[in-house]
Amino acid sequence: MTSTADNAADRAERQGSLSVVRPADADQSGFETFIKITADGSVSAYNGHVDLGTGIRTALGQIVAEELDVSFARVVIVLGDTSRVPNQGATIASETIQIIAVPLRKAAAQARQFLISRAAERLELPIADLTIEDGLIRGHDNRSVSYGELIGDETIRLGLADDMPVKAVGSYSIVGQSVPRVDLPAKATGELVYVHDVRVPGMLHGRVVRPPYAGVDAGPFVGTSLIAVDEASVRDIPGLIAVVTSGDFIGVVAEREENAIKAAARLKVEWKPVPTLPDLDDLETALRANPSTPRTLLDKGDVDTAIAGAARPMRRTYTWPYQMHASMGPSCAVADYSEGCIRVWSGTQNPHVLRSDLAQLMDRPESAVEIIRLEAAGCYGRNCADDVSADALLLSRAVGRPVRVQLTREQEHAWEPKGTAQLIDVNGGLNADDSVAAYDFATRYPSNGAPTLALLLTGKVAPIPAVFEMGDRTAIPPYDYDNMRVVAHDMPPIVRASWFRGVSALPNSFAHESYIDELATEAGVDPIEYRLRYLKDERAIDLVNAVAERAGWTPRPVREEKEGDIVHGRGFAYALYVHSKFPGYGAAWSAWIADVAVNKTTGDVSVTRVVAGQDSGLMINPDGVRHQIQGNVIQSTSRALMEEVSFERGKVATREWGAYPIIKFPELPRIDVLMLPRQDQPPLGVGESASVPSAAAIANAIFDATGVRFREPPFTPERILEGLRGQAPARQKALATPPMPKPSSIWKNPFVRSRGVFATVGALCAAVVGIGAAMLPGRAIAPIAQPDASVYSTATIARGAELAALGNCAVCHTAADGALNAGGRALETPFGIIYSTNITPDVATGIGAWSLPAFERAMREGIHRDGRHLYPAFPYTHFAKTSEADLLALYAYLMAQAPVRATAPENTLAFPFSVRPLLAAWNALFHQAEPFKPNPAKSEAWNRGAYLVEALGHCSACHSPRNTLGAEKVGAYLAGGLAEGWEAPPLTSLSHAPIPWSEDELYAYLRTGESRFHGVAAGPMAPIVKDLAALPDQDIRAMAVYLASFGDKPPDTVAQDALATRLERETRVTLAASAGARLYQGACAVCHEVAGLPLFGSRPSLALNSNLHSAIPDNLIQVILHGIAKPAFGDLGYMPAFKDSMSDAQVAELVSFLRQQFAPDKPEWGDLAGAVGRVRASR
Amino acid sequence: MMPTKVRLNVNGTVREIDAAPDTPLLYVLRNDLGLNGPKYGCGLGECGTCTVLIDGIAARSCVIPIEGCVGRDIVTLEGLGSREHPDAVQQAFITEQAAQCGYCLNGMIMTTKALLNINPNPSEAEIAQALQYNLCRCGAHIEIMRAALRAAGQIAEVGD
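Quick mapping for you: the protein sequence lines, in order, are chains A and B.
If you read the first sequence in the working numbering, its first letter stands for residue 1, the second for the next number, and so on.
If you read the second sequence in the working numbering, its first letter stands for residue 1, the second for the next number, and so on.
Hints in this document: simulated from the structure, not taken from any laboratory.
C-beta atoms are modelled at their ideal positions from N, C-alpha and C, and glycine is treated no differently.
Just to be clear, a hint being listed does not mean it is correct.
[Stated by the list, open to error] Taking beta-carbon pairs under 8 Å as the criterion, some of the chain B residues facing chain A (in silico):
{"id": "1", "residue": "K5"}
{"id": "2", "residue": "P21"}
{"id": "3", "residue": "T23"}
{"id": "4", "residue": "L115"}
{"id": "5", "residue": "N121"}
{"id": "6", "residue": "L135"}
{"id": "7", "residue": "C138"}
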């Protein structure tokens, strides 16, 4: 059996065949095929449902092979392609095997019956004397004829007969056997399997830009919020084909995928403000406030009287959070629009529904649309697979070529129709004899429309929330209470929501199974025994007893108080998952016994073991059933313990895996699966059942452990602590941001002479003169005609290149994506924006007309060739110290470059900073144009380092604080400053790092871009380290010697290592007890956790990182928002930018956690949300 | 950034790519080289579906630009083996039926491979630690753990 039927289908066109079909529609104009056997003996079977990763392709193959008496390998299963398979509705409710496969099985039996009858005629033997083996019919006389031979070149079409007898279970040889999944070898070796892998000729790549009302799909603003799209903002992106808008739908199309990504990220879009949306921080209030219509599902006995007469009334409320399907692969589709035919390759769960949606979107008949269904990432319900199919089609129509659209992780998270929140009230209680007085159950489930997004965004469908009757799944409890009322309050969605594994049955069962546990506790009866008093279904009773026995359940009429910090508990829950339209029908029976360990100090809950029992009826592929049970146990444990969508002002705020964690390997329970042997019973759906008892079993176990009842998943550490302490968790209040520490004056710049009183007065006089001369132009130095670099030796030019690297000329004098040294880079200063100039030897726009004396004057005095003053953003205060020889070499190098014609934009400085002549006064105050003079008291290395650092290296230009006029403070040398929105941290004894800078670590940092005790070079420092690669090791060592002389003496290396190890051990993250901690674990830990599996790139230790210990959070925020796209060296690896994946509030929570966790001895940073906003706005 | 020619060594063959140097490796592997093994999952290095080996070390190809891959050995799922000749780790995952939808499978196999490169005899706890930042939504973890143990030679029975 192979996973593609294309070749078989082609061959089938040209040869005889036997098909079993049924009319496609009422007028019987077309037909749908279930089984087709061709003359070459190959078998194709067609099913309207699709494989969502559960392995139904394999199980259906077994069923067909069994009924047809052919080998499993001979059967090709075709799933979901609208042009080939029957319309059998959406793949939902675990009904593929239980319901949808029934006609397929009958069709196979019918084909076999036809063929064996024909063989009996052909061989002139009674049917009873014939046997079949893999499609070969044999008589007792050993004469045989194959299915293919019986078909020959005839085209035989049989109408599907409903009354066709099928095989008795006892005679099964293929069904009921464990068969390896047919799809795994292809998946394990990278063959083309998924819709994500589809590539068609001429295909372009699209991305969409979603509106700001993230995850909300109803309300008058939906489809009407777009004000403008600025296409010019993406015009420079190579290979951009189109920007497409329609209503609130926006898409971009490019030749290459990465360019579509860039265009979507960069496109400037103006939206109307999102109106105030319902606050979803308090789900109970939000759900009660949502308008609803009661629908009574059951009313038995006299509930009100029984409650009024109850000895111990009990009113309880259970709240279920919004959760996500959270497919591993964001949805993807390829569409090819043409007038004749529309083809869409899709991972949809409901191909025929999607076809109808797309026909509506395109104003075309359904027959013009063909959906080719491929596998996608598992979805467990409805994700964005349909949405992206429509997106791709809109873009394909706009550009007239096939377009592939891949949604981003952020879009899938924000816009997938959520598994909805649910609110359940149970009223009832106990009679005096501990029997159940009454059970009054009311459930609120705001779901389930979620029209395909493009229909709403383009205005094809009005954004009016529809009310679906979907809250009633398993709303009737499995217990036979005498007085019972069950009401579903049908209500429209609040945010975009649709079915998610277990639909409303999982929350409803959470309430049923928690409540009966509460009743049993009140009654002082063992919880299993109490259930059995009310459970009448024999198969349910068998299952409950079998699971109790397997787990070694010890009856406990009274809960035992547990001692110690870590308490253990055990809980039971049972459910028969009743699905589909009410009253619906049952899938497999399921029961759980969960063991938990609860840490009372931290609130951490571990589910340590689950015994999951299931009665699935006939199991087509027992291994497949086992995998489904295990998968359900793991996924639903994850949902119960940690999953909850968070909202900010009513909009979905979870956009990546840190904000929406799912269970990880170390958190897995041990799972013991018990499958009851019921091969003589009809097969039942197994895709969801084992999820249904999960949350209640865990909550009941937590109650057993702690004595506290939790009625609102997820059971996060915060919620457990809150419950255990009976109050809101103590939140640590953020302190106000401490002021930047006053730089100590212990380090003065050793190369700035202190001015005496007279000197200062003299300087001030000069300043006044400077102001007086403000209107006078400076002295111009005559231009030279043409630079002539040939007079300089290659060695001089090479030396100049090294010096240019030391001075980082190119870092400032090169614009993003601009030519080297051609200027135009915007430098933000406190006084306005200064654009760097062109320092290539272009005569008109660069420095081609500059003589050596003009260059030297600029470097030493900050004066342009034409006499204008240069702004000290150009660090001539440092460059002045450069030696004659080095300036000559640098000049030679600059003049030897290729000239580039480029004029920098005008500066935008505020008055009075825009008045250049005032700089004469500034220079008089702050500039000492004197060459470097070594200090004879210091070593040669120190003096060499001093020269490199102080002159061209100009380190203190960023690493020293500046005064209000922008001059370096002499008395706070290297005490830390700011550069381009980043902190240039103190390099002296004022460093905040827990391990002081040493000469060796300074050397390592400057040479490799990383110090194990401080972190990696990022932001503006990364290109500086990259440039320093031009310098020989001894120069880097000299810089380290010089810089280290301003630091405290570090401990020896053994002590440093010990300190590092201790800090890392003490700050190890073992628990995700806050939103910030979960963000860390989901987003950061993979690359930053100490001793994690090596990943490409470095693994900076957060416990030691200077930025986490700094007085200000700016560098940490910068690197989280913007990442490290351009490290000093590729070996260091790259850090992604989280600015489009986390909100300001989330970044603030993360930063707050990182500070507390990794710099526990430092005060909290205050107003982090403000700081994040400021840093975000600064770019 | 404008496209330039970048030479990459992928699965033992030098390939010349016409793409901007800041293009994430993932898109080049999938779109230019037609390799389906590495998958887009999050674009943030969080989930692990895009994992490849770079110089034998696990690497999240969605966050590594091709300019950082020049001169390095890149190996994808396809470079390990084929359906006919699967690598030992691939075979272990097939034998243990260690996937449901299979979207995470690439990352699980490649990360296991990277782990075994540096630790040929990992304990169960070490495997769980190494794989913990590879997410699986279907809950195939039990089978994946068994597959990794089998790949490490710790489950030996034939035909299990």
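Verification of the hints:
no.: 1; hint: K5; result: violated, 14 Å
no.: 2; hint: P21; result: violated, 10 Å
no.: 3; hint: T23; result: holds, 4 Å
no.: 4; hint: L115; result: holds, 6 Å
no.: 5; hint: N121; result: violated, 15 Å
no.: 6; hint: L135; result: holds, 6 Å
no.: 7; hint: C138; result: holds, 5 Å
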